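*Asks:* Same order as they appear, the protein sequences are chains A and B. So the first sequence is numbered by numbering that gives the first Met the number 0: it starts at 0 and just counts up by one. So the second sequence is numbered by numbering that gives the first Met the number 0: it starts at 0 and just counts up by one.
What the hints contain is simulated information worked out from the structure, not anything from laboratory work. A couple of the hints might just be wrong.
[To be verified] Cut-off 25 Å, straight-line C-alpha distance, at most; resulting in silico cross-link-like pairs (DSS-like, lysine-lysine):
#1 K15(B) <-> K68(B)
#2 K78(B) <-> K148(B)
#3 K24(A) <-> K87(A)
#4 K24(A) <-> K78(B)
#5 K64(B) <-> K78(B)
#6 K24(A) <-> K148(B)
As the structure is a computational prediction, the values presented were derived from the model and not from experiment.
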Amino acid sequence: MIAILLFMVCAALAVAGAVTLIWAKEPIHSALALVLVMVALAVLYLLLGAPFIAAVQIIVYAGAIMVLFVFVIMLLNAGVEERTNFSKLAIPGVVLAFVLLLEIAHWMFHSAIGRALANGANAPTTEASTYDLSEMLFKQYLFPFEATSILILIAVLGAWVLARREP
Amino acid sequence: MEFISQHPILVAAVVKIAVLLFIVMTALAYLTWLERKAIAHIQSRWGPYNVGAHGLLQPLADGIKFLFKEDVTPPAADKLAYLLAPFLALALGLSAIALIPFGPPSVRFPNGEQIFSVVDINIGLLLLFAITSMGVYGVALAGWSSNSKYPLLGGLRSSAQMISYEVSLTVSVVGVILLAGTLNFNEIIAGNGQPGQFGQTGHWFHFIPRWYIFPQIIGFLCYLTSAIAETNRVPFDLPEAETELVAGFHTEYSSFKFAMFFMAEYANMITVSCLATILFLGGWLSPFPDTGIWHYQIFLPSAGLLALAAYCAWNTVSEMRGIARLQLGVVTLLAGGGGLICLYRPIAEGVQGPFWFTTKILAILFFYIWMRATLPRFRYDQLMSFGWKLVLPVSLANLVITALVIILWPHLRHG
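Bound-form chain B, shown alone (with noise of 0.2 Å):
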């Protein structure tokens, strides 16, 4: 008990991780289920239907599935690598998420802690690259360890694909940086929102929000090419071009192991989208100016809840099956309650800050899936040109420029 009251920040930020812990493999398990279902109804199908209402028991069918399986380790893998790199993969992907305020710092716990986020530090950016820096380790070792073609050839097409277009990832957010004069996460995200020298409100025209987005527009276009790529997703998912090389590095895995990857691979995902939600999309910020009608924008996320639990109440009025209508009736009765529970003032505006956030990473997550649903497959040599001579060029070009503009015209920086 004494060490617990001796260290009030270790046992704060203890509790915060084993939340955002929770919070984070449950989102994965949904973002298959929202992938599948997205997929599917972009291809004129269902999707997963029958395990609960709407599928959405599958990822608990699909957990407990890998669960089960026999776990195969090859008799001629290198046994520690083997083992290593999906826990690699695995710990590197969700320890990068932990770096990520998920809400204004303003924001705090009675003794003085930031709620939303788990630390708050100066070189948070630095810190983010530095873990997904490491990310390509999971995938080289499981590609080499499973001491077999095609993970070796898939391990070597993906570490060269992250290694290359890791360059203009990290270039291309440059220019936000050298705009928001800073590492920290919480800073860039104020910087967003910094009102203009002329009085605006932190909007142009009072409309537009002052995002990084639109003085780095082609910074963007940038970061998210290469972010599809580094997490090796359609349409440059080479790695596991599956008529190539059946699964690319993950071939020679099975069961949980094969889980842990799949996992590493979303939470990736869902790191990009966060990053890409701060740099450019303004973070936790509102995108509606606080004037006028737009004071009552705080009861939003209660207008979305209380509007799904609507949608869910009617589906349970006419589901068939006695189960899924169970279950529709619970998800009515848990969105409708927090809806409800959002309308009293100080938590409608305690939310706020995770509201848009999610909002903002469930838009870029779903632009993900578009993607997958809608474009082929590059061929390799396509995409290493692709990169090194287009991507790369164009972000060093964005950067150069910005600090050219930064020197010529400081006054643009925050007008």
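This is chain A alone, in the form it adopts within the complex (with noise of 0.2 Å):
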């Protein structure tokens, strides 16, 4: 019961935050409804059963990047974003983005997993453990997780070498 209710207020706060991102006007406001939209997913992934990743992403996204976003947006001091009335590129992908959702919909409602998934049948019944997430990242995908933190390093000497000011 406390599980639905906290799923339904989560992701109502996920849509609104993902809603207001879109609509306000002003840099700070966005970035804040972006912050608004990872907490409510941390606890999405905290009702799904996995609370490593839920910190995770608190600790990543919210603290940390959007942190960042936030202060590149203090720094530059951005203003007031400036909007035109209408894009008549907005129709096609209103229309799309319909699509999407009634064929999200037949999905869930038509497919085998996904009548699964609505009647719990894939419910998580353990938490994810720690040891369990690292057994998996540092043995089974550990080539994958290392080839990425190499395109992070990449990155960060990409940053350097754009920062440092010419000999």
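Starting from two chains that each stand alone, build the complex the way the hints lay out.
*Replies:* Following this line, the structure appears as structure tokens:
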């Protein structure tokens, strides 16, 4: 009961945050709305039985990446966003989004996996422990993990090369 | 009623949160008193003295003053963010404390609920970092939303400082996590007192406690430095460098919103002290072995309270002002009564955990205050190069060396 209530509230908060993110004129308000989305998603992960992912979601996205966003917005002192009245591109966008929603609904109600999921067949019974996660990350998927870290290292080096003073 | 009987965990959690909130709020108020008093004595002054005996009612007077001051909102401020910032800062500061276990999990209510911790979760440490990592929003938003020069500069400075030092703060505790092999606070504390493989009883040479501070002394120093910087305290209090920035990010805040930032700062101090106690100083474990004459150490809380009562009684007699005499008398009765109750053995055993925990936290908080009274402020570029070029590499090296030692000599982990 409480879990369903929590899910409803957090899902609503996530959607509201996402809408506000696009709607808000002030860049900082958009950034704050995105933080709200991140935190609401973290609670949803928690409900799915993944507390580690939930905590990491908050630490990485809300606590690190979005802080940098806010910091940069403050540093550049970005003003209120300018807005045009209407864009013709919005019409196909809305149609496509509607089609996508229909597809998801169809998949959920008319496929075997979707029905099983809706009936709670794959509902988590236990919490995934930190130990299990690191077992997978550092043994089973070691190569993709290391490849990703090299990618990040390249990005860091790139930032350093761009930012350093010309000799 | 049915809801209450169906959800005992929820009800217990709410009650414990309410009690903890009351205790923490009182502790925050008296921490300001302690700070003013300690700094005053270090500088050969008296500090607050006139509101109540030894200024004991000063926090109350300050609180009332904050409540009744005019609440000014700058007309050019961004209303939403301006309002949100102090609430965010205080809420995050207080909710982090809810994760701390103040006593051993073996002390329980009759229905099996732990008395001294609100929650006991497996990723406690991670969740604590998740909450504290959001703390920078309060500062950044306050600086930006005031729409004024000094707060903006102060907010920028302190966001940069908090982001920089958060990295070394997190890295410096990983050594302890490697040694303990868990993220659960209670298990980390239990690991602090683990008996060695040669039959020692949780102590080296029977008197040095096996806390992680000894194998992780470099991590501890890095943690302490980053923690002071993270909470914006002297010597790293650049966000509120008065001579340059008036009051930094909270220049435009007045009345209770200012008080909320103030309380958030002290709540963060308490949180990082709790974390240092848990990770490096053995949490609620006693520093003494449980052999020979040390069996009587369970009466230490009682002895401390009775000594306080005796001191207050002596002051009551020598005090000249009537009201102050009354207050001292009340404190004497409270301390004396508490001391007598703690002589009763089951209660004495129950309060052991919180007693040692509080003692260690107070020691670290006193260190904080001591630093504030002693050290001058860093320059901004010094602060940044100190963080990135000294504390971070050292804590990274500590992490690598700890990991190497654990891999090469696994028996040292608990030995």
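*Asks:* Take the hints in turn and mark each one as holding or not.
*Replies:* Now for the hints, and whether the structure bears them out:
no.	hint	verdict
1	K15(B) <-> K68(B)	violated (32 Å)
2	K78(B) <-> K148(B)	holds (17 Å)
3	K24(A) <-> K87(A)	holds (20 Å)
4	K24(A) <-> K78(B)	holds (14 Å)
5	K64(B) <-> K78(B)	holds (24 Å)
6	K24(A) <-> K148(B)	holds (22 Å)
Hint check: a violation occurs at hint 1 only; the rest are consistent with the structure.
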